[in-house]
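So that you can map any letter, position 10 of the sequence shown is 275 in my numbering, and since no number is skipped, the others follow by simple counting.
Keep in mind that the hints were calculated from the coordinates and are not lab data.
Accuracy of the hints is not assured; some may be wrong.
Each computed DSS-like pair below joins lysine-lysine, with the alpha-carbon atoms no more than 25 Å apart [stated by the list, open to error]: (1) LYS566 - LYS553; (2) LYS381 - LYS342; (3) LYS303 - LYS342; (4) LYS395 - LYS381; (5) LYS327 - LYS342.
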Amino acid sequence: MEQKIYSVTQVNTYIQSLMDGDRLLGGLCIRGEISNYKVYPSGHHYFTLKDSTGALRCVMFKSSAARIRFRPETGMKVLAFGRITVFPRDGAYQLYCTSLTPDGVGDLHVAFEQLKAKLQAQGLFDPAHKKPLPQYPGTIALITSAAGAAVHDMLRVLRKRYPLSKVLILGVRVQGAEAPAELCGAIRYVNRWNLADLMIVGRGGGSMEDLWAFNDETLARVIFESEIPVISAVGHEPDVTISDYVADLRAATPSNAAELAVPDREELERHLQAMRSNMVGIIGKQVKLNRQRLRVLAAAKPLQSPTSYIDERRLMLDSTMRRLCSAQDQRLAQCRQKSVRLAAALDAMSPLKVLTRGYAMAQTPDGVLLRSVHQIRKGDRFQLRFSDGTAVVQAEQTQTVGGESHE
266 MEQKIYSVTQ
276 VNTYIQSLMD
286 GDRLLGGLCI
296 RGEISNYKVY
306 PSGHHYFTLK
316 DSTGALRCVM
326 FKSSAARIRF
336 RPETGMKVLA
346 FGRITVFPRD
356 GAYQLYCTSL
366 TPDGVGDLHV
376 AFEQLKAKLQ
386 AQGLFDPAHK
396 KPLPQYPGTI
406 ALITSAAGAA
416 VHDMLRVLRK
426 RYPLSKVLIL
436 GVRVQGAEAP
446 AELCGAIRYV
456 NRWNLADLMI
466 VGRGGGSMED
476 LWAFNDETLA
486 RVIFESEIPV
496 ISAVGHEPDV
506 TISDYVADLR
516 AATPSNAAEL
526 AVPDREELER
536 HLQAMRSNMV
546 GIIGKQVKLN
556 RQRLRVLAAA
566 KPLQSPTSYI
576 DERRLMLDST
586 MRRLCSAQDQ
596 RLAQCRQKSV
606 RLAAALDAMS
616 PLKVLTRGYA
626 MAQTPDGVLL
636 RSVHQIRKGD
646 RFQLRFSDGT
656 AVVQAEQTQT
666 VGGESHE
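Go ahead and model the full structure; you've got the sequences and the hints to work with.
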């Protein structure tokens with residue numbers, strides 16, 4: 266009997282048909298750890314699932330990978346759902362994965378933590394970037410569902426606490442695939458036209474899937490870039506979204522956001538009343554003090570009798586004038602006495618005073634005083650000054666005290 270010969274492709278195709286016909290292999294959920302996770306330019310994802318003793322090659326096509334809400338990473342434990350079959354070209358079997366979820370926690374939770382870590386590393390949660398809320402906002406923009414209960418709760422609180430604020434409602438979807446784009450558009454619109462002093466972005470409570478629009482990365486960046494302060498009011502107290510971390514202020518509920526956005530009217534009235542009482546007290550004290558000062562001024566003598574005040578000032582002026590004149594006379598007398606003493610001393614030291622006693626003073630024709638006989642030679646002409654005049658003489662001979670003659 267002649268044995269039939271098969272080609273490789275025929276064998277691989279036969280094995281593929283067997284595996285495709287197996288109901289168990291057509292819909293498996295496999296637990297394992299991701300290894301060698303790669304995303305190719307085609308958009309297909311390739312990885313290996315492994316446990317302590319085995320490994321399984323896996324592929325996830327682009328259409329299935331687009332539905333993943335978290336970012337798969339090597340070392341992550343996951344549950345992979347799909348079918349196992351043979352790829353005829355290679356003859357190797359692999360898992361064609363159609364869905365992938367983290368093992369132990371939901372994929373939304375993993376996606377939330379991954380985005381949170383990414384944005385935190387980029388500084389979007391930094392308190393230094395938080396803008397202060399206006400103390401008395403003139404216009405508040407509510408970006409939420411126009412038909413939800415949250416908007417009515419916020420309006421009720423705003424109307425009660427601070428009716429002076431104008432409220433602008435921008436109705437958007439807050440759930441579903443279109444919600445993030447509408448939320449981003451509303452925030453950009455308010456910023457572009459500067460329509461409000463403050464924005465409240467949020468919705469009522471719900472499941473994590475219901476609130477997922479507020480975990481959108483684009484929405485987080487739009488809130489971060491907003492020039493107008495943003496209060497995030499999503500869900501109830503336990504609910505936390507990425508928008509809560511990025512916003513300038515996080516409110517536990519929409520009603521709480523309205524309370525944080527505006528001051529309390531009753532508290533403001535009490536504060537104003539206290540300020541009014543304080544001002545009345547201060548003004549009353551000032552009036553009382555001014556009255557006392559007025560009474561003192563009214564009792565003053567110049568106001569009682571202006572002429573007597575002028576008479577007293579005249580007497581004081583006369584007294585001052587007399588003291589000035591007396592001081593001036595005393596000063597002049599002292600100066601005269603001093604002048605007489607100085608004149609007497611100067612006269613006593615004058616050389617002319619000496620000449621009156623029979624002395625004469627010899628000078629050259631140009632007025633140089635002759636102090637020594639050595640300054641004169643025989644035949645020199647000089648003048649002698651007496652107390653009553655001068656005489657011009659000529660030296661016939663000079664002689665020193667020792668008797669020595671000089672020609």
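Given the hinted pair LYS395 and LYS381, is their Cα-Cα distance within 25 Å?
Holds - the C-alpha atoms of LYS381 and LYS395 are around 17 Å apart, at most 25 Å.
Hey, LYS381 versus LYS342, does the alpha-carbon distance stay inside 25 Å?
20 Å, holds
Starting from LYS327, check that the Cα of LYS342 is at most 25 Å away, please.
21 Å, holds
CA of LYS303 to CA of LYS342, is that 25 Å or under?
16 Å, holds
Check the hint pairing LYS566 with LYS553 against an upper bound of 25 Å on the C-alpha distance.
23 Å, holds
In summary, the structure agrees with every hint in the numbered list given earlier.
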